[in-house]
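Novice: Protein sequence lines correspond, in order, to chains E and Z. Counting in numbering that gives the first Met the number 0, the first sequence runs from 0 upward without gaps. Counting in numbering that gives the first Met the number 0, the second sequence runs from 0 upward without gaps.
Since the hints were derived computationally from the structure, they do not count as laboratory data. Ideal Cβ positions, reconstructed from N, Cα and C, are used throughout, including at glycine. Heads up, a few of these hints could be off.
Stated by the list, open to error - Not close to chain E: a few residues of chain Z, all C-beta gaps over 12 Å, as computed:
#1 T7
#2 P219
#3 F328
Claimed, not checked - The calculated lysine-lysine pairs, modelled on BS3-like cross-linking and capped at a C-alpha distance of 25 Å, are:
#4 Z:K560 x E:K43
#5 Z:K279 x E:K12
#6 Z:K42 x Z:K234
#7 Z:K212 x Z:K42
#8 Z:K476 x Z:K677
#9 Z:K237 x Z:K223
#10 Z:K203 x Z:K234
#11 Z:K231 x Z:K4
#12 Z:K4 x E:K36
#13 Z:K4 x Z:K84
#14 Z:K628 x Z:K443
#15 Z:K578 x Z:K677
#16 E:K36 x Z:K237
#17 Z:K271 x E:K12
#18 Z:K279 x Z:K256
#19 E:K36 x Z:K476
#20 E:K43 x Z:K212
#21 Z:K578 x Z:K560
#22 Z:K229 x Z:K241
#23 Z:K102 x E:K12
#24 Z:K241 x E:K36
#25 Z:K375 x E:K43
#26 Z:K155 x Z:K375
#27 Z:K271 x Z:K42
#28 Z:K536 x Z:K518
#29 Z:K131 x E:K36
#30 Z:K134 x E:K36
#31 E:K43 x Z:K279
#32 E:K12 x Z:K131
#33 Z:K241 x Z:K220
#34 E:K12 x Z:K375
To be verified - To give a feel for the contact side, a few chain E residues facing chain Z, derived at Cβ under 8 Å:
#35 A5
#36 L46
#37 N55
#38 S57
#39 I61
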Amino acid sequence: MLITIAQLEVGEKGIICDIALDNIPLKLLEMGCLPGKEVELLQKAPLQDPLYIRVNGSHLAIREETASQIAISKI
Amino acid sequence: MANSKNITIALVGNPNTGKTSLFNQLTGLKQKVGNYPGITVDKKQGVCQLSPELKATLVDLPGTYSINPTSLDENIVYETLVNDKNPDYPDVVVVVAEVENLKRNLFLFTQIKDLGIPTVLAINMADQMQRKGIKIDIPVLETALKTKVILVSARKKIGIDALKEILLNHQTLNTESVADVSERIHGQFFKRIQEALPHFSTYKSWLLITQQKACDFILPKEQKKIDFFKSKATKINKFQHKEAIYRYQVINEILEKTYSVNREEGTDLRAKLDRILTHKIFGYVIFAFILIVIFQSIFAWASIPMEWIDTSFARLADFSKAQLPTGKFTDLIIEGVIPGIGGIVIFVPQIAILFMFVAILEETGYMSRVVFLMDKIMRRYGMSGKSVIPLVSGTACAIPAIMSARNIESWRERLITILVVPFTTCSARIPVYAILIALIIPDKHYFGIFNLQGLTLLALYFLGFAAAISSAFLLHKILKIKNTSFFVIELPNYKIPSIKNISITVVEKTKAFVFGAGKIILAISIVLWFLASYGGKDFKNAAEIVHSQKTSVDLTDAELKQQIATYQLEHSYIGILGKSIEPAIRPLGYDWKIGIALLSSFAAREVFVGTLATIYSVADEGENTATIKERMRNEVNPITGGKRFNFASGMSLLLFYAFAMQCMGTLAIVKRETNSWKWPLLQLIGMTGLAYIFALIAFQFLK
Ligand SMILES: Nc1nc2c(ncn2[C@@H]2O[C@H](COP(=O)(O)OP(=O)(O)OP(=O)(O)O)[C@@H](O)[C@H]2O)c(=O)[nH]1
Ligand SMILES: [Mg+2]
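Same shape as in the complex, but just chain Z (with noise of 0.2 Å):
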């Protein structure tokens, strides 16, 4: 439309109030959810077409119990409401509450409504109303808050349309304060504030005056006088602590005649599911449980649809050859495309698998359970309880995870996880892992349950997490940086996980994966085959140089063949650069073949095994097109005559992933969140060194 007009709307609320969900119903789209405060970290932005002539720019935010920020996923908050020079500077703010807890969500509410921006309250949940025996007056609601107030049900769809009605009509709202602070707090005070800033609204001159950290958009001189107020800072202190109080005064007052509940029918099975998840025992004991779950099943279960995904990209690449005309690009699509995308598609089960119990565990507001009863423990470490999230997620992937660390309110504590975070066993780690069990460890079961491979990987998960959690108390020992902020988390209500959400998480989280790791094992397998498949001198000649050394006359057709095309692997290009390394990983039991899968995979680790493919169907003249793991299995060593992938040399690779930091993405990511190179190399540095030396320390000890 050409002259529709163009809105901004932000949605603002306490942490795990729906805003989320609200969104993905205003919008369509599919943003993760999850009942745990700290689902959303970053802005998310959405559109949402209000009337014909309307577009709203749908923004979701992190959630926040105030405006005054405290860690960093609530600074998103404040910096995209208090700078109006903002892109995302809203005309409209949703302010979306929740039954329950309304009192405290109308804390938030009152902040915003001081900065002038006209603003609705979503009362969300609304389902949940009869149930807990909530009722809520809202014309009274409405007068007292000097807005429109709605009750909404972003999971029953109640309300949405309503919703958009009223934003349609935004220009119509009232813009004045409902509880005033300038002159409760102390007149004096506020006048000279306003007067120093008077372009500013009062509110605003306020948390600016009151936030350590400096905009980056207010004038110099303005910003002295901003300095100015800061230095009395006892004062400013004592201010806010009034500030707090008058505000739940004012809620309280309007709650007494609009809002009534009776008690405590729900909490019952709160305090009873409480007392087991969180026991002394009980609670780790099903902590530990759940875990266990968790790695058997991603080892069992997905093992079916693994095995029947690797045959089928065998097949596909044999239906190809059959089908395609013989050259170049026939060779390309089935040396480097397939093998390159089936060692990615591989993995699809066990990653939903995981993501599907993050999901659940989320959902139903276990997580802060289990921050709780981890939080002691995570402290000697020089973390937080709510690092275990963290390290959990990272379970799936170190890039989500390692931004699910921002609502650690302490710095020393969130940089410590995050430096930790890439030891856990990250998904793309499982196909590696999973390959070279297959290959070296017997498959073998205990007691009719315990399965050898899958109790082994689930030693490899074990190392990893104690790789992060020894490296997390030697950072604690050594790094001088002092704990500022204090630790508190909200325990939700249980809920029963709403089937939908979680296919929505499993599905977006796995396309996402699949896509993003995709795009470079794409790139990469292609670039690889180039590089194999084409070389110097040596390789143009090859067929005359094998033939000029052929020791034995009665070589068949087809073993001549093979030869000549491992010949011409070592000296194409690739095979000349594996070679220039080979000396370095000789130690540790890798021939140059394997040094390219190492080098390859230092953009990605899941690389590896596509990589390892790509080169050994380079390699493979033979007729058959084999799957990925017979190939490999069929490599000797032509030193020691025995098998490539042998126990010493298959741990070495092993214990080499487990530690190593093989992951241009998650060094990108650490470098925002930190904003600084140094600790991402530290990470790379340390993780690859400490790789090297138990690879090598293993291969030597078990060769």
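Only chain E is shown next, with the shape it has when bound in the complex (with noise of 0.2 Å):
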């Protein structure tokens, strides 16, 4: 099933897909933000945004408005 990071609730992973790579950003790219990696969405601020992930070893922040970009499949 094809959705985003922002669609995901906490606790649950997806896969970053292929499609995903013209809409991440290059510096999430850089970070180690790859497709085909494994994210975690750990938690999400009071607020519900920003959110609070995990991918390729690296702990980030990122805002819904990104996170909405990248497409996973979830697992």
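Need the complex rebuilt from these two chains, each delivered in its own frame; the hints are there to steer you.
Specialist: Structure (structure tokens):
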């Protein structure tokens, strides 16, 4: 099932899809947020934004607007 | 050493990997470190003697994830490494990586290696390896990365000498690329680049093409060619993405052979702490509680040493008066220099406590959680979660706070942050607040713990914060700048703060404050003293004039002397100056003496108390040297006959200092950071105007 990181529930995981490539900002790619990698949504900030994710060994916080650009397939 | 050689070594790496700690170990210098990405936002230099013949200039750079800059601090790294005419262009680069995030650290490493600069890899925090179950096969890694790799621990001082040894032999380092992107992405395209710009390494040309900003060291002829390639923007974007993926592929292959980790022991604690510290409710409660503890301690703990410093300086003045021969020079020391210095030393306890708390919050890794918690809220006001750090450290001093805004990616959010930070209650306001609060607010306790004076101070902090937030909101509504970048922050592991790091930070920052502000205060108090001790004809003939105007005959000698001194002050140069602005400030409840203090504190707020001290001690001919507070308490308003510093005028002054932009250092730094006079001027006029209005309203209502 194709969704975006923003649609994950806390604790759920997904795999970043290849088609997401064009929408992922370069800096996130450089930080290890690559197609084929697993993302886990660790936590949402109290107002549902930003999102605290773990991807490729990094713990990052990104805003929802960015997360909703990144397509994943849920596992 | 006459024939000693000198090389430049740059420390580069991801944020928070311990570059500054390593820099301090190598150079013996004391730079601030902290467990928050973005502590170093500027270049720092130090010297390290590698051998009797070889001296190295070390450059500590801000942390970056990639050589492609997305914020101002990262741009410093890019410019240092791409421009070989830059004075800091390194002979060797030490990429400082960290054992846990080696993969991501290597990304930057492969980029730098492609530039053809001799590069070594220092893997820091080796002391954590055992606990985290990490194993690294160094010899295999060295072969794969085509350079020297060394495990170090800046905290436990492991591997420092071995690193020096490698740097000493930097000429033998291999400069081949590890992940040559040109072939893998688009051979044809990169070949054309190579042919067009034969003097640059291909990767350097590629970087120049991918950056939006032009570099000033490029010749126009070369720039034209670069611009030609830039025009193929969509292709470039694709290639950049491909590059990132390719690099990670190479790195993954290398690490599979060399790196193993026995998963997830430490992460348990991290998850638990995160659940509490970023909790919907508890997260904010804890943050608020921490802030309250900080402010309460600034007032409660600091008051004891402050009292002591205050009386010590009064005693010192008495002592000097007794010991030194009478004369103009002694007067300068007792009335100008000693109160001036006393006026600044007295804040050392409060400032040190504040710096200590900020350092602890940064060292533990808590600050990044605050960013996470606050981002959404701050965005409503046109700022970023990362603006919280400038706003909190602004309570120590606006200057480093404004610089720490450099890691905010979006120019709009950064600009708003810079513009509103000076509203936060910096430590230079504490002396003014402290003395005024002590004069006008009773020293009462509620429920045994809350002190009315402390609560007033807290209210002033909130006021500063509210002013910052509301002006940010206003700017958010009116500024027409588009947001182009996006937000990302790494949440580091929690760490037990190192007492050594914290004490270094506290000592260094306090020292910088005392000497920085001390110089200004000393200079101003000397100038003030001169202006207060000399004047025109009326000043010189004060004695006769007072005698001739004498109203009653039975004045004692001392009273007469006092009257003469007061008359002299009024007709001194400073008196004339103060009187000329009195009409403008009388509606706020101030007299010309306070006016002088306002004028002089345009250089820096903390000068206020020192100025009043100087002025009152010039006017005071009594035998004993009273403390500043006593002198202020004894000032009377000749019109009403009541106290000069009563509730109305005191509140008006408090509000004036809460809002007014009175710090030349801040204005200078805003000019530098925004690269224009427009923004600092806006701050100066806007903030001071606001201060005037609030002070006016307060005084007119309360009097
Ligand atoms: N355990 C351990 N911690 C370390 C070591 N070196 C540094 N640290 C800690 O790592 C954190 C970051 O250190 P800094 O030296 O400020 O890192 P930096 O790379 O200069 O960071 P930025 O300037 O923000 O890019 C601090 O909390 C240090 O105390 C080490 O060898 N072992
Ligand atoms: Mg640093």
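Novice: Next, verify each hint and record whether it holds.
Specialist: Hint-by-hint comparison with the structure:
Non-interface status of T7 of chain Z relative to chain E is upheld: no Cβ of that chain comes within 12 Å, the nearest being about 26 Å off. Residue-level check passed: P219 of chain Z sits 28 Å from the nearest beta carbon of chain E, beyond 12 Å. For F328 of chain Z, the non-interface assignment is confirmed: its Cβ lies about 61 Å from the closest Cβ of chain E, beyond the 12 Å cut-off. For a cut-off of 25 Å, the pair hint linking K560 of chain Z to K43 of chain E is broken: about 72 Å separates their Cα positions.
In summary, the hint linking K279 of chain Z to K12 of chain E is supported, as the alpha carbons are separated by about 22 Å, within the 25 Å threshold. The suggested pairing of K42 of chain Z with K234 of chain Z is violated, with an alpha-carbon distance near 34 Å, which exceeds 25 Å. About 20 Å separates the Cα atoms of K212 of chain Z and K42 of chain Z, which keeps this hinted pair within 25 Å; it holds. In summary, the hint linking K476 of chain Z to K677 of chain Z is supported, as the alpha carbons are separated by about 18 Å, within the 25 Å threshold.
A C-alpha spacing of about 22 Å is found between K237 of chain Z and K223 of chain Z, which places the hinted pair at or below 25 Å, so the restraint holds. Proposed proximity of K203 of chain Z and K234 of chain Z is supported: the alpha carbons are some 18 Å apart, at most 25 Å. In summary, the hint linking K231 of chain Z to K4 of chain Z is not supported, as the alpha carbons are separated by about 45 Å, beyond the 25 Å threshold. Annotation: proposed proximity of K4 of chain Z to K36 of chain E is violated, straight-line Cα distance about 48 Å (limit 25 Å).
Distance hint between K4 of chain Z and K84 of chain Z is fulfilled; the C-alpha atoms sit about 19 Å from each other, no more than 25 Å. At most 25 Å may separate the alpha-carbon atoms for a hinted pair to count; K628 of chain Z and K443 of chain Z meet this at roughly 18 Å. Proximity of K578 of chain Z to K677 of chain Z is assessed by CA-CA distance (about 32 Å); at most 25 Å being required, the pair is judged violated. Annotation: proposed proximity of K36 of chain E to K237 of chain Z holds, straight-line Cα distance about 19 Å (limit 25 Å).
This hinted pair checks out: K271 of chain Z and K12 of chain E have alpha carbons roughly 19 Å apart, not beyond 25 Å. Taking the CA atoms of K279 of chain Z and K256 of chain Z, the gap is near 42 Å; set against the 25 Å cutoff, the hint is violated. Distance restraint check for K36 of chain E and K476 of chain Z: the Cα-Cα separation of roughly 39 Å exceeds the 25 Å cut-off, and the hinted pair is therefore not satisfied. At most 25 Å may separate the alpha-carbon atoms for a hinted pair to count; K43 of chain E and K212 of chain Z exceed this at roughly 35 Å.
For the hint pairing K578 of chain Z with K560 of chain Z, the CA-to-CA distance comes to about 22 Å; that is within 25 Å, so the pair holds. The suggested pairing of K229 of chain Z with K241 of chain Z holds, with an alpha-carbon distance near 17 Å, which does not exceed 25 Å. For a cut-off of 25 Å, the pair hint linking K102 of chain Z to K12 of chain E stands: about 21 Å separates their Cα positions. Straight-line distance between C-alpha atoms of K241 of chain Z and K36 of chain E comes to about 15 Å, which keeps the hinted pair within the 25 Å bound.
A hinted pair counts as satisfied when its Cα atoms are at most 25 Å apart, and K375 of chain Z with K43 of chain E qualifies at roughly 11 Å. For the hint pairing K155 of chain Z with K375 of chain Z, the CA-to-CA distance comes to about 39 Å; that exceeds 25 Å, so the pair is violated. For the suggested pair K271 of chain Z and K42 of chain Z, the alpha carbons sit about 36 Å apart, so the restraint of at most 25 Å is broken. Taking the CA atoms of K536 of chain Z and K518 of chain Z, the gap is near 33 Å; set against the 25 Å cutoff, the hint is violated.
The suggested pairing of K131 of chain Z with K36 of chain E holds, with an alpha-carbon distance near 22 Å, which does not exceed 25 Å. Restraint check for K134 of chain Z and K36 of chain E: the C-alpha separation of about 23 Å stays at or below 25 Å, so the hint holds. Annotation: proposed proximity of K43 of chain E to K279 of chain Z holds, straight-line Cα distance about 9 Å (limit 25 Å). For the suggested pair K12 of chain E and K131 of chain Z, the alpha carbons sit about 24 Å apart, so the restraint of at most 25 Å is met.
With a C-alpha separation of about 29 Å, the suggested pair K241 of chain Z and K220 of chain Z falls outside the 25 Å cut-off, and the hint is violated. Between K12 of chain E and K375 of chain Z the alpha-carbon distance is near 23 Å, which keeps this suggested pair within the 25 Å criterion. Because the closest C-beta pair between A5 of chain E and chain Z is about 13 Å apart, greater than 8 Å, the hint is violated. For L46 of chain E, the suggested interface contact is upheld, since its CB lies about 4 Å from the closest CB of chain Z, less than 8 Å.
The closest approach between the C-beta of N55 of chain E and any C-beta of chain Z is roughly 7 Å, which is under the 8 Å cut-off, so the hint is satisfied. For S57 of chain E, the interface hint holds, the least distance from its beta-carbon to any beta-carbon of chain Z being 6 Å, beneath 8 Å. At about 5 Å, the closest approach between the beta carbon of I61 of chain E and any beta carbon in chain Z falls short of 8 Å, and the interface hint on this residue holds.
Hint violations for this structure: numbers 4, 6, 11, 12, 15, 18, 19, 20, 26, 27, 28, 33 and 35, all remaining hints satisfied.
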